[in-house]
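> Below are the chains, spelled out letter by letter.
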Amino acid sequence: MTTAVGSFFLKHRRLLVIAVPMVWLLIFFLAPFLVVFKISFSEAAMARPPYLPLTSWEDGRLLITLNLGNYQFLLEDPLYLLSLISSVQIAAVSTIFALLIGYPMAWYIARSPSKRRNILLMLVILPFWTSFLLRVYAWIGILRSTGVINNTLLALGIIDEPLVMLQTNFAVYIGIVYTYLPFMILPLYANLSRLDPALLEAAADLGAKPATTFLTVILPMSLPGIIAGSMLVFIPAIGEFVIPALLGGPDTLMIGKILWTEFFNNRDWPVASAVAMVLLAIIVLPLVRFRRARG
Amino acid sequence: MKRSPLLSIMALIGFIFLYAPILSLVVYSFNESSLVTVWSGFSTKWYGELLRDPQILGAAWISLKVAVASATISLVLGTMASLALVRYGRFRFRELFSGMTTAPLVMPDVITGISLLLLFVTMEALFGWPAGRGLLTIIIAHTTFCMAYVAVVVETRLINVDRSVEEAAADLGAKPLRIFFDVTLPSIAPALVSGWLLAFTLSLDDLVIASFVAGPGSTTLPMLIFSKVRLGVSPDVNALATILIGLVAIGIAISAFVMTRNGRSSETDA
Amino acid sequence: MNERQSPSDMPWRNGSEPFVRIVDVSRSYGPVVAVNNVSLDIYKGELFCLLGSSGCGKTTLLRMLAGLETVSSGRIEIDGQDMAGISPWDRPTNIMFQSYALFPHMNVERNIAYGLYRDGVPRTEVTDRVADMIKLVQLSGLERRKPDQLSGGQRQRVALARSLIKRPKLLLLDEPLAALDKKLREETQFELVNIQEKLGVTFVVVTHDQEEAMTLATRIGVMRNGVIEQIAEPREIYEYPLNRFVADFIGSVNMFEGVVSETDPDRTLIRCEDADMTITVSHGVSCSPNQRLWFALRPEKPEISRHRPDGVDNVVEGVVEEIAYRGNLSIFRVRLKTGKQIDLTRTNQERSAEEPITWDDPVFVSWDAASGVVLTS
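Going line by line, the protein sequences match chains A, B and C. Numbering-wise, the first sequence is residues 22 to 316 according to this note's numbering. Numbering-wise, the second sequence is residues 91 to 360 according to this note's numbering. Numbering-wise, the third sequence is residues 102 to 478 according to this note's numbering.
Treat the hints as calculated values from the structure; they're not laboratory data. Hints are not guaranteed to be accurate.
Not everything, but these chain A residues come out facing chain B in the computed CB check (under 10 angstroms) [what the hints assert, rightly or not]:
1. R34
2. V38
3. K59
4. R138
5. M143
6. R156
For glycine and all other residues, C-beta sits at the position ideal for the given N, C-alpha and C.
Just chain A, with the same shape it has in the complex (with noise of 0.2 angstroms):
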């Protein structure tokens, strides 16, 4: 490359390669938050946008007004402290159900022989690469009260009236569980997979039982992949709102349904903005936790 604009490329190879993601980060993913904050310090106006500016004009003067009355707002209505503490339950029972179901997959393919790993590792991916939207659709199909389970016990005599499955936590539940279940398997996987066989055979040797290996041994060794796994599945959990608004119901409290329905429903962009923040305040410290898993 002969000309300035080429070598000048060329020279700061390196600064461009760092700054041109950075700036879009910057930008894109960073300045966002800084909106929201501010924002939500605003006043719902009927206006376009549909809030108050913060600064104004008067007399020559800045004015600068924060309202906090936002926020104030989550803290007396009792619904919004209900719903994050529903949310973060949701989300951590949903995680704990995808660590049991999830963890003795991640251990039957690590176990079974290379060929056939790779098979069932494609099993695991594939319905993640079908729409997410779709799975949670398919549940709605299972669930309902003339859906497939309620059909099935039915027609089997089993019961005699339909079970309410739908428009329940316990939907919400297993809708978690489900498709998030990828994304425990995987982490769990890569790190059983390391497990050095010859560790399990020396445990039994000196005289450790099957379920005694697994407690000392495997478990511990383990514990990055699933703390991982976990995190995986509760952060994003937590603020989920497309299955507990197809799977759940009127009182299922999800602070991510809040959050829509405060924006689209209600209008309220400085409200919904607060529960953003509130929300991101509450994930922030899972979220340093899993940085310093990832390494």
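We have chain A already, so just place chains B and C on it with the hints.
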């Protein structure tokens, strides 16, 4: 350590759990009844309806365009990011950079969605750009969160690249840019392909973020599906699902075939 | 191997200009000093070996010659040219990696041709030179194969060909034979020396295998902890090590510790308590009175006999404790009255000796004054 039969059963149940819903989608797409889960006979009429529906076709086309654009741009940005993080050692703001590259992986969609929309609104008020929401804003939004996934995939592969082969190229007379194209790029090529595919799928599948940042006239396929299924089951959605599942299955079969063919060819001459 | 007879073959003996000058070179990584103020000269046409165990800095030194590591302090000159600030792709050196580092997505031909294309050599010339090189390293018929379709030995030859084809002024080899099995290694040693002598390229080989160094090298540089302990021809290193480390590292050695009791210009007496004897050595040593010294005796030098020999300067009594029969030679381990053990090797020249020496026999171990060397450190 032998696998106990209990473990095998647990794993089997897990796999069944994973696939039963997908199976039900496919099965009921051929149900004649519009009640979807109440079987009334075999029919492919819903496929016909689906393919004649201009709304669905339009949304699919928009989603496709967005996905291709987002995947491609995020591939470039994500690869640059992982190069910087893996190869460039310590640089200023590295911690921040690393954090910004990982956080989108677990950030709830609603936060990403609302924050980007508010950014676009503010930017429009301040600079006049972007003018309204539409394809561009969705592409920007998708690129931003997809590049995190691309970075992770490429990073994993990049870390395992044999540095001594790059040193060999340098020793033989290749300058850094040449080394990148002759040695590094071919080495990470599989990660680039899977990174692109991953970004493509994630973009195609996104509902929440698109809902926030889309504008009138830029309804994506997931947004359309969501508005349909909020009201309950809908048989044309089953048909759509089956088509998509079929495409994914074919894609995976092709890639598996290609991979085994590559593996086999290097064994024949040995 | 590498037996050079005339002084013109051994430029380090006749005062010619060195081809490579490494002057006071150091390399540290933070607090860790990998190479510590090393100076050495390498002459044109040599096969110079850097010998040491892992972590001694030999590979770092090699990589600094290649330009793959920066020099913390000091100067490297190749053919009179200062290498400071010169990147690897501009240096007149080529390196052969321990792992071979072949380009996995290119076949044998393209791997070998790579460096020529970087030099801008026209295509027709490249094809010819690659064909010649393939014949030289005996890879004919394998041109189209990719690295993962080759055996370890074949890959090694591709790596060698790839570096040699550029006719570098200096060829650097990092443990070139380490990944090969024993038989292949021995054959390849011969081939390497042949190629080097035929092409006249200056080689610098890094290895941890002292037998390999002895076989290949025109001169050996023994390294420890980033420092060069001794540079000499193989024979000199073996017979006249400069210190205990070198004596111990190369081959096996019997080490006697003692105190100097007398020293003249051509004779030294060492009083050695742990063998309960006074050792006579036929050369002088510059040291202070009563200084602690060591006497190094190679196992093939002493004699073993049932009867006390006459007229030999050093004789000591002991009992045969162990015999290791190795086919062509036997290793005797003799335990002296003081408990110290001496190892001796004897070739089994006679098929069946009368009354061969066997376990628990009382024997005399003897050597003359010129058999070993005194070490002061």
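> Now tell me if each hint is right for this structure.
Status of the hints after comparison with the structure:
no. : hint : result
1   : R34  : holds, 7 angstroms
2   : V38  : holds, 5 angstroms
3   : K59  : holds, 8 angstroms
4   : R138 : violated, 12 angstroms
5   : M143 : holds, 6 angstroms
6   : R156 : holds, 6 angstroms
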